[in-house]
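Asks: Sequence:
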Amino acid sequence: MPELAEVVYYCNQWLPAVGRTVAAVRLHPRARVFRDADPETIASALPERKLLTADTHGKGMRFLFSGGLHLGVHLGMAGRLFTAPLPYQPDKHDHLVLELEGRAAPGVLVFSDYRMFGRIRLHEGAEAPPWWRDLPPEPQDRGFTRARFEKILDRRSRAPLKAVLLDQACFPGFGNWMADEALWRARLFPGLRAAEARKEERARLYRDLRKVARDALRVIAPEWTAPPANWLFPHRWKDGGSCPRDRAPLERETIGGRTTCYCPVCQPPIA
DNA sequence: CCCCATGTTCGACA
DNA sequence: GTGTCGAACATGGG
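Taking my numbering, the leading residue of the first sequence gets 1138, the next gets one more, and so forth.
Quick caveat, the hints were computed from the structure, so don't treat them as lab data.
A portion of the hints provided could be inaccurate.
What the hints assert, rightly or not - Quick list of the computed label-pair ranges, beta carbon to beta carbon:
#: 1; residue 1: 1385; residue 2: 1173; range: 41 to 47 Å
#: 2; residue 1: 1152; residue 2: 1267; range: 20 to 26 Å
#: 3; residue 1: 1190; residue 2: 1271; range: 14 to 20 Å
#: 4; residue 1: 1294; residue 2: 1224; range: 55 to 61 Å
Backbone N, C-alpha and C fix where the C-beta goes; we use that ideal spot for every residue, glycine too.
Construct the complete structure from the given sequences, taking the supplied hints into account.
Replies: Spelled out as structure tokens, the structure:
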């Protein structure tokens, strides 16, 4: 479920706990979300630590606690973060619950993920963890230059554009719907190979994918407002959905290994 | 029972 | 090395 802006939204859910100290940890030690972490260490290291900062990069999150303790969270397909008052009775899909000291709201921080494609990591040390170091610029960043974009397309010349946009090392935060949205706005067939995109088409894609990232952050990150009807988003999963631009029936096809929605009229497939 | 799902990773293969 | 494909992971919904 979560892509760039949804990840920011969920990260914000834990933000009210900045400055608060963890009193106790409740977790399910055999949950798959702990496959890259030692649950015992998480349970013993977090109590008495104060949450200092919370930030996101792409689909990843990093919560920094006092004493140089870094908690990494990836939401996978169905993960979410929320807070709740005490006393809190964990649901069966709540894999990590942090109880906070004091009586102020929120009482607990919860990481829930019924599919368990999500992931929790822990790192202790003065330096940033390996998984939070040397991160590539996000598409909405100033540092995400046209030159960088061109290099990516040149390197992935034989891949369909859809597959390239889903590469987290190149477009951190982009997922299935953002990739489709950007290609639709740029009027490019998702199966078009990067090398086949002409100069103007590349320019459109660069402009529109950055716009999609910024629009998503504006609309979804603060309150998770429903995306407007002039985006592809609200039409893409509906059977019988039609293109908000020309009303043509939308098509769905597996491209780059994922179900891809596009408009056959304004994003004509190459024969 | 079937198929599908806003994600990642790994192995087999061209 | 590049890229594709399918499976796997685990669960729920239609």
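Asks: Could you tell me which of the numbered hints above are not met by this structure, giving the numbers in increasing order?
Replies: none
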